[in-house]
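Peer 1: The listed protein sequences derive, respectively, from chains A and B.
With numbering that gives the first Met the number 0, the residue at position 191 of the first sequence is 190, and numbering never jumps.
With numbering that gives the first Met the number 0, the residue at position 29 of the second sequence is 28, and numbering never jumps.
The set of hints was computed from the structure by calculation and includes no laboratory data.
Source: prediction; values computed, not measured.
A hint or two may mislead.
Which copy is meant is left open, because identical chains are indistinguishable; a pair holds if it fits in one copy or across any two.
[Unchecked claim] Under the rule of at most 20 Å between Cα atoms (straight-line distance), these lysine to any residue pairs were calculated in the SDA-like manner: (1) 179 / 158; (2) 196 / 172; (3) 196 / 144; (4) 196 / 165; (5) 179 / 67; (6) 179 / 27.
Protein chains: 2
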Amino acid sequence: MKIPIVENILSANERLADENRRMLAEKGVLVVNVMSSPGAGKTSLILRTIEALREQMRIGVIEGDVASRVDADTIEQLGVPVVQINTGGTCHLDANMIRGSLDQLPLDDLDLLLIENVGNLICPTDFALGEALKVMIPSVPEGDDKPYKYPAMFAAVDAIVVNKVDLLPYVEFDLEGFRKLVVGLNSNVEVFEVSCKTGEGIEAWTEWLASRPTRQHG
Amino acid sequence: MKIPIVENILSANERLADENRRMLAEKGVLVVNVMSSPGAGKTSLILRTIEALREQMRIGVIEGDVASRVDADTIEQLGVPVVQINTGGTCHLDANMIRGSLDQLPLDDLDLLLIENVGNLICPTDFALGEALKVMIPSVPEGDDKPYKYPAMFAAVDAIVVNKVDLLPYVEFDLEGFRKLVVGLNSNVEVFEVSCKTGEGIEAWTEWLASRPTRQHG
Numbered sequence: 000m001k002i003p004i005v006e007n008i009l010s011a012n013e014r015l016a017d018e019n020r021r022m023l024a025e026k027g028v029l030v031v032n033v034m035s036s037p038g039a040g041k042t043s044l045i046l047r048t049i050e051a052l053r054e055q056m057r058i059g060v061i062e063g064d065v066a067s068r069v070d071a072d073t074i075e076q077l078g079v080p081v082v083q084i085n086t087g088g089t090c091h092l093d094a095n096m097i098r099g100s101l102d103q104l105p106l107d108d109l110d111l112l113l114i115e116n117v118g119n120l121i122c123p124t125d126f127a128l129g130e131a132l133k134v135m136i137p138s139v140p141e142g143d144d145k146p147y148k149y150p151a152m153f154a155a156v157d158a159i160v161v162n163k164v165d166l167l168p169y170v171e172f173d174l175e176g177f178r179k180l181v182v183g184l185n186s187n188v189e190v191f192e193v194s195c196k197t198g199e200g201i202e203a204w205t206e207w208l209a210s211r212p213t214r215q216h217g
Numbered sequence: 000m001k002i003p004i005v006e007n008i009l010s011a012n013e014r015l016a017d018e019n020r021r022m023l024a025e026k027g028v029l030v031v032n033v034m035s036s037p038g039a040g041k042t043s044l045i046l047r048t049i050e051a052l053r054e055q056m057r058i059g060v061i062e063g064d065v066a067s068r069v070d071a072d073t074i075e076q077l078g079v080p081v082v083q084i085n086t087g088g089t090c091h092l093d094a095n096m097i098r099g100s101l102d103q104l105p106l107d108d109l110d111l112l113l114i115e116n117v118g119n120l121i122c123p124t125d126f127a128l129g130e131a132l133k134v135m136i137p138s139v140p141e142g143d144d145k146p147y148k149y150p151a152m153f154a155a156v157d158a159i160v161v162n163k164v165d166l167l168p169y170v171e172f173d174l175e176g177f178r179k180l181v182v183g184l185n186s187n188v189e190v191f192e193v194s195c196k197t198g199e200g201i202e203a204w205t206e207w208l209a210s211r212p213t214r215q216h217g
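So that you can see chain A by itself, here it is in the shape it has in the complex (with noise of 0.2 Å):
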């Protein structure tokens, strides 16, 4: 009895999910769902996003947390609009959130969408938003094993940012080895290296961005 309730859950959320990435796309809006553990830097990656892009692009963003307005706070210190959801006790945003968030949102002026997802390496991976492209970014202090722990979204992404790689020197962690297992995951994704502390490989990601089509998945 429980699965049944869980799959409606489900496909009632792909559905509201389709129609927030038809409608978005229509407007020719790049929208990006950024997922992460928590404090592996979805903040930080979004920061060096708008300032890497916001010359050439209008960004918009949608911040997602259990609770607090914190990262919010400092987005909207940029000058970009910004809409926070707090999800109370949910482990994940869903297509239906994103659907209330949009209305306060200055769609038809945005090239670019960056929704932070709530901290979390389990949940978020069931749950589509209406996103072009899904990113993760582990962070190179949780060790190089979260592939063999959270399959699942490393299989699911379409870009892969390990962040802090200025903490390289002071930590066990394999890059060689982890790019291995993550294409052996998932051998279509892109996978770049950073620092968000000193912007070491920001170019990289935010050219890589820039020029993905508003459709990527249908």
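Dock chain B against the given chain A, drawing on the hints supplied.
Peer 2: Relative to chain A, chain B alone:
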């Protein structure tokens, strides 16, 4: 209609957790539920704790992960009894999973059972396992803002073991401010600062742990 179903699941879990707790307390086993983000150092802290306490306590481990048994393999090399639970897609352990694992452990010959929960700061908060103590491990590179974002987790635990203090010189983390924030959410919590890499601070943690009574909560 959604809320009653969730409440039924939670109260069924509470009932099973109480049974686990009673049974384990009768056998004199101190049970600890270890929670954190992915990669914060749950397995590393368990390894350090075994190393420090194995002469004075008989220790067993339950490892929880969505997939893989890499952590159980690591623990097994120390020669302590260990059971791996793979949750499939579920983002937390529950009392029923623990119940199923207990048969595979020599409970009459254990003083301490360390349970490594799934790497997640949200879902494990709601599911009691039958533990005497809840312990959470924030790690320095995750940043000092996590109590704002995951208040329920910080409010629910008996001890917080801040890991990776060896990285303090390389990242921004205000230990004093973090402590104040945590104590504001949870005035009874014990806070330890450790590096599982260097061993710094481990003794204070393990001395406190070894002196806990088996029946902490009821």
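Peer 1: Determine for every hint whether it applies to the structure shown.
Peer 2: Against the structure, the hints come out as follows:
{"no.": "1", "hint": "179 / 158", "result": "within (14 Å within a copy, 37 Å between copies)"}
{"no.": "2", "hint": "196 / 172", "result": "both (18 Å within a copy, 13 Å between copies)"}
{"no.": "3", "hint": "196 / 144", "result": "between (23 Å within a copy, 17 Å between copies)"}
{"no.": "4", "hint": "196 / 165", "result": "both (8 Å within a copy, 18 Å between copies)"}
{"no.": "5", "hint": "179 / 67", "result": "between (37 Å within a copy, 17 Å between copies)"}
{"no.": "6", "hint": "179 / 27", "result": "neither (35 Å within a copy, 46 Å between copies)"}
Taken one by one, the earlier hints fail for this structure only at number 6.
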